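Chains as they are written, first to last, in our numbering: chain A, 111 to 575; chain B, 111 to 575; chain C, 111 to 575; chain D, 111 to 575.
In short, the hints are calculated from the structure, not lab data.
Honestly, I wouldn't trust all of these hints.
[What the hints assert, rightly or not] Simulated coverage check for chain B against chain A, where a stretch passes if three residues somewhere in it have a Cβ under 8 Å from a Cβ of chain A:
| hint | region |
| --- | --- |
| 1 | 222-235 |
| 2 | 241-251 |
| 3 | 303-315 |
| 4 | 430-442 |
All values reported here derive from a predicted model rather than from experimental measurement.
Here a beta-carbon is modelled for each residue, glycine too, at the ideal position from N, C-alpha and C.
Protein chains: 4
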Amino acid sequence: MNQHSSVILSSTLLLAEEAKASRENLMKQLLRQKQIPMHSWDDLQIRYLFTYLSALDSNNFPNHTGVGEREGRVFSQIVKERHFYLSHGIGRSGDIKSSQPKATGSSIVSQLANAMALHAIHLSGIRNAKECVVVPCSTGMALTLCMLNFRRQKPAASHVLWSRIDQKSCFKSILAAGYTPQILQLKIDDNNDQLKMTLEDLEVAIENLGVPNILCVMTTTSCFAPRIPDDIINVAKICKRLNVFHLVNNAYGLQCDKICNIVEEASRVGRVDAFVQSTDKNFMVPVGATIIGSFERSIIDSIAQLYPGRASASPLIDLVITLLSMGQDGYLELRKKRKTLFDDFKQKLSILAAKYDEKVLSTPKNTISMAMTLSKLDSALKSAEITKLGSMLFTRQCSGARVVVKGQGKLIEGIIFEGWMSHYPNYTCSYLNVAVAIGLESREIDRFLKILEDCLCKIYSRSSE
Amino acid sequence: MNQHSSVILSSTLLLAEEAKASRENLMKQLLRQKQIPMHSWDDLQIRYLFTYLSALDSNNFPNHTGVGEREGRVFSQIVKERHFYLSHGIGRSGDIKSSQPKATGSSIVSQLANAMALHAIHLSGIRNAKECVVVPCSTGMALTLCMLNFRRQKPAASHVLWSRIDQKSCFKSILAAGYTPQILQLKIDDNNDQLKMTLEDLEVAIENLGVPNILCVMTTTSCFAPRIPDDIINVAKICKRLNVFHLVNNAYGLQCDKICNIVEEASRVGRVDAFVQSTDKNFMVPVGATIIGSFERSIIDSIAQLYPGRASASPLIDLVITLLSMGQDGYLELRKKRKTLFDDFKQKLSILAAKYDEKVLSTPKNTISMAMTLSKLDSALKSAEITKLGSMLFTRQCSGARVVVKGQGKLIEGIIFEGWMSHYPNYTCSYLNVAVAIGLESREIDRFLKILEDCLCKIYSRSSE
Amino acid sequence: MNQHSSVILSSTLLLAEEAKASRENLMKQLLRQKQIPMHSWDDLQIRYLFTYLSALDSNNFPNHTGVGEREGRVFSQIVKERHFYLSHGIGRSGDIKSSQPKATGSSIVSQLANAMALHAIHLSGIRNAKECVVVPCSTGMALTLCMLNFRRQKPAASHVLWSRIDQKSCFKSILAAGYTPQILQLKIDDNNDQLKMTLEDLEVAIENLGVPNILCVMTTTSCFAPRIPDDIINVAKICKRLNVFHLVNNAYGLQCDKICNIVEEASRVGRVDAFVQSTDKNFMVPVGATIIGSFERSIIDSIAQLYPGRASASPLIDLVITLLSMGQDGYLELRKKRKTLFDDFKQKLSILAAKYDEKVLSTPKNTISMAMTLSKLDSALKSAEITKLGSMLFTRQCSGARVVVKGQGKLIEGIIFEGWMSHYPNYTCSYLNVAVAIGLESREIDRFLKILEDCLCKIYSRSSE
Amino acid sequence: MNQHSSVILSSTLLLAEEAKASRENLMKQLLRQKQIPMHSWDDLQIRYLFTYLSALDSNNFPNHTGVGEREGRVFSQIVKERHFYLSHGIGRSGDIKSSQPKATGSSIVSQLANAMALHAIHLSGIRNAKECVVVPCSTGMALTLCMLNFRRQKPAASHVLWSRIDQKSCFKSILAAGYTPQILQLKIDDNNDQLKMTLEDLEVAIENLGVPNILCVMTTTSCFAPRIPDDIINVAKICKRLNVFHLVNNAYGLQCDKICNIVEEASRVGRVDAFVQSTDKNFMVPVGATIIGSFERSIIDSIAQLYPGRASASPLIDLVITLLSMGQDGYLELRKKRKTLFDDFKQKLSILAAKYDEKVLSTPKNTISMAMTLSKLDSALKSAEITKLGSMLFTRQCSGARVVVKGQGKLIEGIIFEGWMSHYPNYTCSYLNVAVAIGLESREIDRFLKILEDCLCKIYSRSSE
């Protein structure tokens with residue numbers, strides 16, 4: 111644009127236009143490559159992109175005239191602005207990955223979200239992943255969708271094999287899909303405190319039920335210690351051998367290199383049909399979407415076509431903004447920091463535990479969560495004190511620390527889970543869980559340890575009375 | 111707050127504090143009554159509310175320390191702001207309507223959305239509705255959820271009875287839930303051009319399949335002319351008599367008094383288990399959520415408990431903001447205007463049609479959509495011209511006008527739909543659909559008619575060559 | 111950008127790109143013509159523009175490295191966003207209209223503001239105006255700047271002739287510039303209730319002081335009734351004849367056709383060196399800037415060069431956004447509506463006044479403000495009641511209604527103004543002022559009249575006791 | 111608010127309300143103490159405050175009815191939001207520090223800005239400062255305002271004594287106020303490369319002009335090397351002795367401890383009537399306001415009363431947000447970092463200079479700016495190359511580095527400044543200026559040095575040809 115040349119020095123205008131051009135190049139590069147940029151985008155650049163995209167949607171056309179039943183009309187100015195004037199959502203009734211003729215901008219958002227999510231999966235270590243889809247629903251619902259999709263190829267099956275993990279929505283995802291969960295109970299490891307599923311149990315269960323009755327095996331990677339990730343490499347081998355679908359619940363495992371390497375390896379030596387992860391837990395966005403990944407494009411296409419209708423673009427917008435804002439280097443840095451903080455937290459917690467004659471449970475295979483015993487309270491039969499510890503932490507604004515009282519049962523949808531929350535009927539002791547998730551700050555660790563010590567000091571002095 | 115009294119005149123401060131108090135009263139009243147306010151809230155009032163709510167979520171606590179795997183951390187400042195610092199989503203793993211201990215503010219958003227949606231349902235004319243839940247997924251997916259929920263009470267059923275409507279996601283919602291659709295073909299009305307399902311066909315189909323094999327009957331209220339809403343009052347009677355679930359797809363029917371009155375009446379004289387409507391089509395928000403309503407609280411509770419996990423709060427935030435921004439009077443005014451514009455549009459379109467020896471099909475029972483014949487093109491065997499009309503309109507920035515070419519078939523998931531898009535194998539002529547949806551402006555009608563005339567003029571002169 | 115062609119249908123992409131192109135054309139046209147667009151811009155279009163402009167400022171350059179003392183660094187993210195990432199302000203130390211090499215985007219904002227303000231002046235009826243500058247300071251300060259500028263050509267002058275208007279900042283603008291105000295007292299018109307300056311008084315004053323001692327005559331167009339605008343056409347003739355600077359305080363007169371026509375005519379037949387108007391009062395923006403206009407480019411250039419340093423761009427951004435958002439048609443419509451409402455309000459107020467044996471003062475030459483007598487309170491010697499009326503209105507959230515108690519004096523900077531607020535030592539009665547300014551809504555008039563009646567009813571019944 | 115207790119657990123609601131209460135306490139504390147908070151406020155807290163304040167302004171009253179000429183109406187939604195719905199500006203026509211009855215919220219913003227600015231002045235080291243006012247105009251204009259204010263006490267004076275500094279707006283601020291600048295030429299220091307004013311010159315000038323003719327002495331603290339800050343301690347003593355106003359131009363000196371200590375000391379041992387600093391250069395806000403500080407409340411009150419009219423609140427809003435966002439600790443940390451980076455930059459630049467047989471000029475008393483000689487280019491008579499270096503740096507996105515060519519003159523408002531930009535008719539060599547201002551990042555230094563080396567390499571190899 112040369113229209114201001116009379117007033118503004120041509121040399122400075124040139125420089126300004128160059129700067130603008132380099133912003134547009136960044137944008138073009140993104141639209142072409144659909145990859146997370148190497149370096150962080152600043153907020154202006156992000157707004158640049160969304161201003162461009164919004165102009166492509168028909169509801170923003172200068173002379174738009176809508177005479178249909180769904181025209182992207184938005185009543186509130188606040189709502190318009192918070193969605194950058196995009197309102198058509200993602201997908202078409204036939205396919206959640208489809209482009210909408212009415213909404214080119216929203217369609218590009220959807221493509222970017224899917225492509226950048228796949229890129230993030232690759233960066234995280236699952237390099238063989240072929241395709242993914244970001245679905246604006248919970249992880250549990252996404253697992254349900256996977257099962258509903260498997261059903262199309264195996265309509266007669268009735269059961270899902272599932273290694274116990276005490277997190278309601280995993281269990282409920284099976285029920286929601288209309289299947290009977292066959293629960294594989296865990297075992298305590300011989301050499302340390304870990305809880306794990308065994309391959310023997312799995313094989314016995316398959317044999318008992320019979321392959322034709324089994325829709326899939328659902329394994330879990332990320333979980334609260336002392337449970338550890340399932341041995342999905344060997345499960346994948348068994349599933350491959352027996353021709354059973356294998357669905358991996360990788361809820362917050364994507365943030366961890368070790369887990370990603372295992373998923374990758376499992377897909378190489380065995381069978382992994384889909385792996386499912388939440389966006390909020392792995393990418394620091396508000397709760398809202400789940401990434402379903404696969405090593406075969408056709409599986410993702412099939413799931414995308416299963417979803418009946420259009421869906422909210424909002425969680426995809428969040429993901430795109432966040433990955434642009436992180437850049438590849440920012441994302442990798444956050445992952446590295448998480449690993450470092452995990453070791454750091456474990457060490458510091460061990461020292462604190464020792465002061466109170468407790469210990470951090472030995473769970474070397476769980477690289478996200480850890481657990482500190484509360485044995486003294488058990489031995490003093492003070493389970494009320496244990497519960498109290500939880501609420502003391504919470505009222506001191508510490509959230510996420512989970513107190514597990516030994517041996518309490520719970521009835522869920524007709525099934526009794528003995529030792530609920532500990533994944534096991536009668537674990538050796540009560541304990542306290544903490545996790546090191548992406549985005550945790552070291553000052554949070556320090557503040558937590560200080561508060562925990564205060565609380566323990568109060569409780570232990572009382573409980574020893 | 112009395113701290114500035116020294117500088118600011120106490121009288122004006124008093125008035126200012128009074129004004130502030132009246133804003134807070136509005137807010138308190140909303141939180142207590144959970145009803146759409148009588149009058150529109152201004153944007154400042156809406157921001158007042160969300161600023162208050164966001165301070166209640168743990169991720170915004172001044173000294174918050176998070177040591178769990180899901181702490182509401184948000185990386186991007188832009189993302190934070192667009193969600194008003196709310197990040198925990200809605201629901202708990204056990205129940206999408208549950209309050210989250212970590213997120214009181216988000217929990218209130220969820221309650222408000224559900225309560226205000228119910229209020230809107232009542233205002234729309236379905237006064238007996240007892241409960242509803244706003245689910246952040248497509249209408250089709252919400253229908254699937256309803257069916258998955260029915261399955262729990264009728265696990266052996268295999269079929270869903272469905273009166274044909276040529277909208278993919280309705281059909282696919284049945285497949286996604288794992289059921290076989292039993293399609294009820296439509297009939298042309300004796301006295302006019304309407305397409306309708308017949309009760310005889312329904313009763314025959316039920317008899318043939320046998321009640322135990324039928325999960326539910328799925329009826330449709332809002333549809334493109336010449337199809338008309340199903341006779342859900344009598345379907346409801348049959349379902350009640352035979353004890354079959356009845357699911358009403360009320361996608362964009364909530365905006366229409368007539369349709370709402372019918373749903374209400376159906377629930378009084380017969381059986382309606384759930385009725386499902388989109389938020390974007392009825393309330394002018396971006397695509398993102400669906401309201402599932404029922405006349406029995408327990409059904410909604412059961413659906414809410416089926417959903418496995420947390421979900422995006424974003425579409426609920428949009429709904430709350432929009433209903434506050436409309437107020438009851440604004441909402442009712444918009445509905446009234448829609449009705450007036452419908453009559454107006456029909457009349458003007460009839461005049462235009464007459465000019466070209468065409469007519470508006472006689473479909474008095476469809477009060478949202480209408481259709482103008484394109485018979486001359488049929489008789490001249492110019493189906494390519496018909497298709498062209500559609501794209502001419504689109505390139506002139508008219509969206510939503512649907513051109514239906516007589517007698518074209520389509521294969522969807524293994525089933526051939528003859529006369530796809532017209533709900534009928536061989537309708538009497540090709541036609542053009544338009545709809546009068548909430549939020550339509552009269553200048554859009556005028557601009558559309560002008561453009562349509564231009565296009566017809568071009569095509570008809572050409573086709574008559 | 112052709113990079114998404116593989117996924118998105120080329121036809122719809124084409125349409126989308128066309129829509130985008132038409133947005134960019136609007137923008138290019140604006141930057142080329144620097145005129146208020148014919149029609150309102152939507153908010154997306156406005157954001158489009160500012161996103162483009164912000165990328166042109168050096169602080170937003172992708173690799174910007176600043177090693178100076180002023181680099182446009184902004185600490186707070188909120189502050190960044192509210193200024194669209196622009197931070198360099200306007201002007202250079204030598205000239206407030208100059209372009210900044212570091213800040214092409216901000217410089218364009220400044221040019222746009224000045225050019226669009228001039229366009230608005232033309233549209234308002236002052237078609238001969240040659241140039242203007244938007245200065246981010248109060249109207250009073252802008253008047254001071256004009257006088258400081260005149261001083262450069264007439265350094266020995268000591269007095270400013272000023273027809274009395276009881277608005278502090280006009281008076282103080284003279285003092286701030288270091289001049290002695292020579293106050294011309296007003297006269298009551300023979301035929302009606304109007305207060306006006308007389309040309310005789312002006313000529314006498316000039317003669318008494320001597321032209322060399324007079325810096326300028328400062329006249330006023332917009333004022334509270336019963337004062338009327340000065341007869342600036344004839345003042346302009348006198349100033350031309352005697353070669354005296356003539357400065358017109360047109361504070362909120364720009365919104366009124368009649369006043370603008372007079373200013374225009376004055377410039378044709380006589381001398382008007384500069385006319386000064388506030389942006390907030392004429393264009394519905396927050397308080398912040400003043401437009402200094404002139405019929406000679408050199409005068410504005412000289413004022414622009416007088417201002418020592420850079421200034422806030424924020425009020426200019428507001429003006430640009432607002433004029434884009436109004437469009438020419440919106441702006442003219444608002445002016446027309448104001449005129450209609452003025453007549454309407456006057457009529458309704460007259461009816462109300464008559465009910466209480468009061469009247470609206472006859473001030474046909476004041477086309478913005480009107481006054482209703484409060485004679486009965488005067489005659490009952492109830493000046494406290496009059497004051498009370500003002501506060502009653504204020505506590506009922508009516509602002510802007512000014513109650514003027516007959517004959518109260520005030521000392522300002524050493525000078526006593528008898529009958530302060532009424533522009534006159536001893537006007538015939540107390541009265542109530544209201545004004546019809548641009549943006550007033552008819553429902554405000556109705557609400558005001560209702561409340562006024564309530565208050566009068568209370569006070570008059572009491573005062574007649 | 112207890113209205114959600116039925117649904118939300120009372121314990122978590124309690125915690126949420128506690129968190130909300132602690133936010134409100136922060137706000138109350140701020141409004142009571144009007145001090146920069148100890149620690150940074152997060153953005154939510156800042157929005158909390160402004161949402162509260164905006165509700166206090168009459169234009170936001172729920173039933174507001176405005177019948178005046180200035181009612182805070184805002185046309186554009188974007189403009190409303192960017193000003194947090196505040197629109198009344200600051201001050202009244204009588205006093206820019208006055209509270210507006212119509213606008214309690216805006217009035218509080220103004221009070222906060224002034225009080226927090228004073229707090230910042232104290233934190234910066236000028237602990238005796240008694241009062242300040244934030245004026246939304248340039249530093250130069252603020253200096254003009256100070257002089258206009260002094261005029262009221264000394265109407266007969268005609269000259270301002272001013273030690274030369276080659277920055278146009280300082281010089282022009284004197285002219286704008288209507289005074290004749292008496293320029294004190296600088297001397298080169300005996301022991302090093304510094305340029306400084308001498309007290310002898312000052313005393314001679316005073317004697318020559320005569321005290322009654324002198325309005326004030328205007329000194330400068332922050333300046334480009336090799337000029338150094340004026341010896342304001344001794345100037346203050348002289349001004350006190352001779353009873354002459356002393357005005358300190360502290361444009362970007364507030365960020366530097368050393369300079370602040372000197373201003374403080376000067377006020378203790380001598381006379382400093384007002385000291386003036388820009389907000390953008392010292393506090394990382396967009397260009398827009400200036401802080402005028404004084405050691406006597408009455409001086410500030412008098413300046414505040416001089417300003418005729420209301421002014422933009424926008425730059426004050428920026429300042430308040432920014433100081434809240436920094437907190438005391440953040441502000442002090444930024445200052446500390448600046449000091450460290452200054453030493454660092456100087457050392458690195460010296461090393462680079464040495465490589466090219468140049469040096470960093472010895473100017474130990476200038477603690478913000480430094481200068482590197484370009485002597486080789488001088489000796490090769492390559493002044494075009496020197497100019498070229500400047501533009502090479504600029505086109506590589508380095509801004510703020512100033513290249514000064516030896517001995518070029520400039521005519522400004524009728525006065526020739528020999529050796530313009532170097533503050534001196536014929537400095538010993540050409541040189542390059544850089545400054546270390548608050549907010550500079552060490553990566554900027556490194557990038558600059560790299561680019562400078564590249565440029566020097568190109569130019570010196572060429573110039574040595």
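(message) Checking each numbered hint in turn, tell me which of them this model violates, lowest number first.
(response) The structure conflicts with hints 1 and 3, although it agrees with all the remaining ones.
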